[in-house]
Amino acid sequence: MVSDHVSIKSVLNLEEKMFDFDLTSPLMAGQFLLLVILLNAIFYKPLTKVLEDRNDYILTKEQDGRERLAKAEALAQQYEEQLAGARKQSVEVIANAQTEAKKIADEQIAAAQKEAIAQREQATKEIESQKQAAMQALEQQVETLSSQILAKLGLVT
Amino acid sequence: MEILDSLRVLNYFPLAELEVGQHFYWEIGNFTIHGQVFLTSWFVIALLVVASLAATRNVQKVPRGIQNVMEYALEFIRDLAKNQLGEKEYRPWVPFIGTLFLFIFVSNWSGALLPWKLIHLPEGELAAPTNDINTTVALALLTSLAYFYAGFKKKGLGYFAKYIEPTPVLLPIAILEDFTKPLSLSFRLFGNILADELVVGVLVLLVPLFVPLPVMALGLFTSAIQALVFATLAGAYIHEALEGHGEEGHE
Chain R
249 MVSDHVSIKS
259 VLNLEEKMFD
269 FDLTSPLMAG
279 QFLLLVILLN
289 AIFYKPLTKV
299 LEDRNDYILT
309 KEQDGRERLA
319 KAEALAQQYE
329 EQLAGARKQS
339 VEVIANAQTE
349 AKKIADEQIA
359 AAQKEAIAQR
369 EQATKEIESQ
379 KQAAMQALEQ
389 QVETLSSQIL
399 AKLGLVT
Chain S
159 MEILDSLRVL
169 NYFPLAELEV
179 GQHFYWEIGN
189 FTIHGQVFLT
199 SWFVIALLVV
209 ASLAATRNVQ
219 KVPRGIQNVM
229 EYALEFIRDL
239 AKNQLGEKEY
249 RPWVPFIGTL
259 FLFIFVSNWS
269 GALLPWKLIH
279 LPEGELAAPT
289 NDINTTVALA
299 LLTSLAYFYA
309 GFKKKGLGYF
319 AKYIEPTPVL
329 LPIAILEDFT
339 KPLSLSFRLF
349 GNILADELVV
359 GVLVLLVPLF
369 VPLPVMALGL
379 FTSAIQALVF
389 ATLAGAYIHE
399 ALEGHGEEGH
409 E
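Going down the list, the sequences are from chains R and S. With the first letter of the first sequence counted as 1, position 12 gets the number 260 in the working numbering; the numbers rise by one all the way through. With the first letter of the second sequence counted as 1, position 143 gets the number 301 in the working numbering; the numbers rise by one all the way through.
Watch out, some of these pointers could steer you wrong.
Claimed, not checked - Residues on chain R that point at chain S, a partial pick, calculated with CB under 10 Å: (1) D268; (2) L275; (3) M276; (4) Q279; (5) V284; (6) I285; (7) Y292; (8) T296; (9) Y305.
What the hints assert, rightly or not - Here are the computed distance ranges between Cβ atoms for each label pair: (10) I306/R x V207/S: 46 to 56 Å; (11) F267/R x A319/S: 32 to 42 Å; (12) L356/S x L282/R: 26 to 36 Å; (13) L279/S x K309/R: 22 to 32 Å; (14) N241/S x Q326/R: 47 to 57 Å.
None of these hints come from the bench; they were simulated from the model. Glycine included, C-beta positions come from ideal geometry on N, C-alpha and C.
Extracted from the complex, chain R is given alone in its bound form:
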């Protein structure tokens, strides 16, 4: 569409037509307002709601998580305290048991020693008594023997 013979008039006309205002303007404005309303209904409102819901969701989740973390930390501390208590208790129990065991062992050792001493004494006594009995028997035998000897010798009247 090469126009070789553009007259001055048509150039002027072109200027005029570039700024050619007509019903396009108001119709475009009305159309644009309708677009605003339409997009508000199908774009801005629903997606804004989505964004805000997600924000709320993230916030509540974050808070929830923080609460849970705090709870978990409190529990962990509690358990640690319990653990420390239990450890202390166990040390105590062990110490108690050890002292008790020692006591018992000491008692038993003492009793055993006592018994041993008693048995030894008894044994000594028995030996003594048997020795005495043996001595007596021996003496009797010696007497009978000596009397027999005397009789044999005729010394006895």
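Got chain R sorted already, so can you dock chain S onto it with the hints?
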């Protein structure tokens, strides 16, 4: 006359193929509308609606695919509005400012990326809706209405107090501002997009290979920036109307 002569000389080159200022007219009653603008704007609107529906059709807690993209867009828009309007006021204005951004952005990029010109119209050609002054003026006037609405809703007739604060001497300038704001908004967008398309068009006509590519990339960048600028300025104007001149200190 000399300038016009030079324009005439310019027109001996095949620049006319760019078809600036030619429109595919539709008639409604006694009025005409630019059909090519509406065709592409419907495409843009359809794209936005389809993307929105696809994003919200099956909403997941962990976003994927199109939902993720659209959520990113929404967060971007929300941040933009929040930066301009502040934490307290931004919520009701997100749809307006966001739609401004999305519509302009998608329009600009569709103009820069899609080969609209392959579809032949009886007159004029398909291009970004934002390269028609009617579109940008419509958007700019809506922005003006939006900040007036914001001001009146917040302060009632007390909104007019901002015109004589801090001093009534500045009244003419304050009134002038209400005209320059939509004017600058609409012309900035219109000029940038049209100029970009013209530059790309001229370069393509002169050197049809490779050379226009950096300019096209620059065009994409400009298009995105213009959408951002428009939305940001709209937010700033609304914020200004909400805050007023004298009250910035004690919010």
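Structure-based check of each hint:
1. Checking D268/R against chain S by beta carbon gives a least distance of about 6 Å; that is within 10 Å, so the hint holds.
2. Of the supplied interface hints, the one on L275/R holds, with its beta-carbon coming within about 6 Å of a beta-carbon of chain S, less than 10 Å.
3. A distance limit of 10 Å between C-beta atoms decides the matter here; for M276/R the minimum to chain S is near 4 Å, and the interface restraint holds.
4. A hinted interface residue such as Q279/R counts as satisfied when its beta carbon comes closer than 10 Å to some beta carbon of chain S; here the least separation is about 7 Å, so the hint holds.
5. The criterion of a C-beta within 10 Å of any C-beta in chain S is met by V284/R, whose closest approach is roughly 5 Å, and the hint holds.
6. A least Cβ separation of about 8 Å between I285/R and chain S falls short of the 10 Å threshold, and the interface hint therefore holds.
7. The restraint placing Y292/R at the interface with chain S holds, with a minimum CB-CB distance near 5 Å, inside the 10 Å limit.
8. Residue-level restraint check for T296/R holds (minimum Cβ-Cβ distance to chain S is 7 Å; threshold 10 Å).
9. The restraint placing Y305/R at the interface with chain S holds, with a minimum CB-CB distance near 7 Å, inside the 10 Å limit.
10. Range check, I306/R to V207/S: Cβ separation about 30 Å, and the 46 to 56 Å hint is violated.
11. For F267/R paired with A319/S, a C-beta distance near 36 Å keeps the hint of 32 to 42 Å intact.
12. Taken as a hint, the range 26 to 36 Å holds for the pair L356/S and L282/R, whose Cβ atoms sit roughly 31 Å apart.
13. Look at L279/S against K309/R: about 56 Å separates their beta carbons, and that is not inside 22 to 32 Å.
14. Here the CB-CB span from N241/S to Q326/R is close to 49 Å, well matched to the stated 47 to 57 Å.
Hints 10 and 13 from the earlier list are contradicted by this structure; the remaining hints agree with it.
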